[in-house]
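J.: If you want the building blocks of each chain, they are given just below.
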Amino acid sequence: MHGWFLMTRTLMKTFFRKGKGDGSRFAGMIVLAALGALLSAGVAVMFAFLGPAFAAVGIVPEVTALLLDAGFIVVLVFGTIGIFSYVYFARDSEFLLSLPVRPSAVFLAKLAAVYAQEIMIAALVMVPGTLALGISTVQPATYYIMILLALLLVPVMALLVASLVSVPLAAAASFFRRKGAVSGILLIILFAAFMGVYMYFVYSMSYGTGGDQSVEEILAEMQSGMVTMASVLYPVYALARFGTLTPALVGSVAGSALIDLAIFFGTVIAAGALTVLISGKAYKGAALRQNEHTSSVTSAREYVASSALGALMKKEWREMVRNISFAFQCLAGVVLAPVIVVVVSLASGMQNFTLVPLPSAEIMAWGTSLLMIVMMGVGMNQFATTAVSREGQSFAYSKTIPVPYATQLLAKIIVADIIAYITVTLSLVAAIVTAAIGGYADPLAIVLSAVFLLVYTAAYVNFGVLHDLKKPKLDWVTPREAVKSNATTVVPMLLDFLIGILGVVLVCVLTIVFDANFGLPAAGTGIAFGALIILSAAALVWSVSYIRKNADKYYNRLSI
Amino acid sequence: MVLFENVSKIYGKSNVKAVDDLTLELRPGEIYGFLGPNGAGKTTTIKMLTGILPFESGRITVFGRDVVTDAVAAKREIGYVTDSGVMYEKLSGREFVDFMADVYGVSVAERRQRCDELLAAFNLASAFDSRIETYSHGMKQKIAIIGALVHAPRVLVLDEPMVGLDPQSARELKEIMRRHADAGNVVFFSTHVLDTAEKICDRVGIITGGRLVMSGSLDEIKAAKGDESLEDIFLSVAGTGTEV
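Top line first, the protein sequences correspond to chains A and B.
If you use my numbering, the first sequence corresponds to residues 1 to 560, in order.
If you use my numbering, the second sequence corresponds to residues 1 to 244, in order.
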């Protein structure tokens with residue numbers, strides 16, 4: 001216990017202590033906090049509005065559970081990456097394991113450090129919506145106790161699950177030559193499979209074609225679907241039922257609440273016990289095998305010449321794909337974005353199609369798909385927004401090689417564009433196929449979306465690279481600090497989300513207005529997309545010019 | 001040649017000069033050893049020369065090319081080995097050398113010929129296709145040296161190059177440095193190991209508190225200081241303003 005406490009205290013200090021130059025990021029942190037507050041406020045307002053409707057339909061516990069599930073999933077995904085990069089692939093593993101402290105204490109101390117970081121993200125995801133929902137639906141005091149318990153323990157549960165998942169993954173990857181790449185691929189497959197399973201439960205939310213069912217039947221189906229979805233993470237659902245004092249298992253409210261609380265706590269304790277039991281031996285073995293490099297020979301055996309630009313592009317790609325933290329943050333979207341687009345497209349397509357008259361349903365459904373492509377396919381890709389930060393201390397080479405900075409930046413931009421366009425293309429294809437199946441494919445909207453994405457993606461990449469160039473995080477020790485704990489990446493992402501939301505709202509509103517007033521929805525769609533394309537093109541041209549004029553100035557400012 | 005003209009460097013908003021009015025000439029055909037206690041300004045000087053750090057006043061030229069106004073051309077003349085050993089660790093040794101050769105415009109034939117010699121000298125051939133992250137510290141140092149030499153630079157700059165090298169490799173490196181200088185190039189390196197400086201340097205400079213307090217050939221320095229050993233001279237001038 002003493003060893004774990006000492007280890008945790010030291011790791012927390014190294015994790016959170018400010019590095020050189022962090023003071024100058026204060027303004028950036030303020031902007032970040034403001035954007036985060038804006039997003040939270042938006043979510044809170046939305047759930048405050050919808051709360052009474054949820055209460056009327058009787059699905060407050062289920063909506064609460066889904067909000068907590070969102071926090072769980074976010075922590076599960078990012079926590080697993082954190083465990084891989086900070087626990088298994090950390091450079092200090094050998095040093096820490098040589099100390100007179102149990103391996104399980106080392107593992108749990110590192111897990112505590114990951115928890116301390118993830119709890120902030122979990123709070124942002126879970127608290128605004130649940131708080132607003134609780135107030136707007138006049139929930140009992142237990143609801144607010146539930147929020148506190150959820151904030152503290154849902155991330156714990158997620159991380160415990162993540163650590164249990166990571167043990168076999170890390171063990172499997174340790175036997176391969178390219179451990180980092182294999183771990184990254186296994187993680188991406190795992191999460192894609194997880195999202196696919198979720199798709200099944202999303203389908204369970206469908207409530208028929210609307211024409212033949214009564215409102216009561218539709219609502220009953222919706223309630224049933226929500227219960228099914230919420231039950232996926234049953235312990236969290238039990239916590240939500242405790243908070244809302246919903247008797248589900250026994251007749252008595254108090255008895256049911258106690259049983260639900262016992263289910264939740266019991267799950268946390270059981271997961272914790274399993275983690276402690278397995279972690280020590282499994283962690284030590286897996287961590288030490290990660291550091292055994294008996295055979296990491298790359299495939300090339302001959303010298304291969306390239307241009308300076310080509311050499312820089314190859315270097316960018318290799319340094320990214322061979323590092324698990326970098327690879328996941330930069331490439332996971334290639335697989336996950338299309339999956340998420342399909343999931344959300346099916347859900348929104350089904351709902352709007354049955355309840356809203358055509359053609360507005362089509363554009364709203366397609367708009368939702370487009371929003372997911374912009375957010376997940378473009379905004380979540382961190383290759384551009386960490387282009388300079390990922391260099392870390394090896395940035396010295398950027399300063400010493402006889403290649404103009406504009407050329408070095410161009411190499412980063414080209415690789416970022418390639419990854420972004422692959423992601424966007426796959427997501428767009430997924431959205432088109434889903435729209436065709438759902439019967440809401442609008443050729444005009446699809447073509448204009450493609451043109452918009454072509455221009456917007458390039459503009460976003462330029463902006464992302466430029467944003468990172470202005471204040472890169474070069475003093476990282478673990479790669480995770482460069483991508484995950486890098487505040488620089490969040491501003492472009494949040495701006496992308498905002499642009500996506502505003503853009504989609506513009507398209508939907510203009511289409512509906514032109515349809516309602518003139519009977520010309522296509523005109524509204526065309527005008528909205530035209531404006532978006534022109535604005536994106538202007539941003540692209542400006543960013544190219546700005547980079548050309550200022551790359552040297554920003555590079556010269558940087559030192560390590 | 002390399003010329004430092006009244007170069008000064010201040011870090012941040014402090015008044016303390018990390019390098020204070022440095023004037024120094026490095027000539028082709030010589031090995032110049034840059035000595036000084038920890039924090040004296042050796043690495044700062046090297047980083048200013050190689051373009052990593054900006055400086056507040058003065059001028060640095062490399063064979064007539066200003067490192068500020070003609071940076072790319074100046075860098076083309078320099079091969080640099082850092083003291084920190086950081087590099088692109090996810091690349092194999094060969095990939096790293098290919099990268100360095102590509103950015104300096106070295107043909108495949110030339111890089112093959114130079115690398116084969118250096119790999120044999122450093123006994124690194126068997127690890128050449130393994131990732132740098134699997135290398136020991138000494139091996140990383142060797143591959144960094146190979147990367148710096150692949151384009152046959154006219155100025156070879158090394159910051160504490162002997163750290164982490166086994167005795168055989170250290171000897172090989174000294175011979176490589178000597179051959180490189182004898183071919184008409186400049187070799188400029190910093191070191192704490194006075195024995196190494198005495199054995200291979202044509203000239204040495206001692207920097208302390210950011211100021212170059214002594215510079216000249218070993219014979220000149222020793223004659224000026226009453227034929228004391230370099231160690232005694234170093235210990236006596238580090239912190240003083242004695243001039244040769």
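Mixed in with the good hints, there may be bad ones.
Claimed, not checked - Computed cross-link-like contacts, DSS-like style, restricted to lysine-lysine with a CA-CA straight-line distance of at most 30 Å:
#1 Lys471/A - Lys553/A
#2 Lys553/A - Lys314/A
#3 Lys225/B - Lys471/A
#4 Lys553/A - Lys470/A
#5 Lys314/A - Lys470/A
#6 Lys17/B - Lys553/A
#7 Lys470/A - Lys549/A
#8 Lys471/A - Lys314/A
#9 Lys199/B - Lys140/B
#10 Lys199/B - Lys471/A
#11 Lys225/B - Lys174/B
#12 Lys17/B - Lys314/A
#13 Lys199/B - Lys174/B
#14 Lys470/A - Lys225/B
#15 Lys225/B - Lys17/B
Quick caveat, the hints were computed from the structure, so don't treat them as lab data.
J.: Assess, step by step, whether the Cα of Lys470/A is no farther than 30 Å from the Cα of Lys225/B, and give holds or violated.
T.: With Cα atoms ~50 Å apart, Lys470/A and Lys225/B exceed 30 Å; violated.
J.: Does Lys549/A lie within 30 Å of Lys470/A when you go C-alpha to C-alpha?
T.: holds, 14 Å
J.: Between the alpha carbons of Lys17/B and Lys314/A, is the straight-line distance 30 Å or under?
T.: It is violated: about 40 Å lies between the C-alpha atoms, which goes past 30 Å.
J.: Within 30 Å, alpha carbon to alpha carbon, are Lys471/A and Lys553/A?
T.: Distance ~12 Å between Lys471/A and Lys553/A Cα, so the pair holds.
J.: Are Lys199/B and Lys140/B close enough, with their CA atoms no more than 30 Å apart?
T.: Holds, at about 25 Å.
J.: Can the restraint linking Lys199/B and Lys471/A be considered satisfied, given a maximum Cα separation of 30 Å?
T.: violated, 45 Å
J.: Just to be careful, I want the Cα atoms of Lys199/B and Lys174/B compared with a cutoff of 30 Å; is the pair within it?
T.: Given that 30 Å is the threshold and the Cα spacing comes to 9 Å, the pair holds.
J.: Is Lys17/B close enough to Lys553/A, meaning Cα to Cα at most 30 Å?
T.: It holds: about 24 Å lies between the C-alpha atoms, which stays within 30 Å.
J.: Going straight from one Cα to the other, do Lys225/B and Lys17/B come out at no more than 30 Å?
T.: Given that 30 Å is the threshold and the Cα spacing comes to 27 Å, the pair holds.
J.: Given the hint that Lys314/A pairs with Lys470/A, test it: the Cα-Cα distance must not exceed 30 Å.
T.: Holds, because 24 Å separates the two Cα atoms, which is no more than 30 Å.
J.: Hey, Lys553/A versus Lys470/A, does the alpha-carbon distance stay inside 30 Å?
T.: holds, 10 Å
J.: Taking only the CA atoms, is the gap from Lys225/B to Lys471/A under or equal to 30 Å?
T.: It is violated: about 49 Å lies between the C-alpha atoms, which goes past 30 Å.
Figure legend: structure checked against the earlier numbered hints; hints not met, in rising order: 3, 10, 12 and 14.
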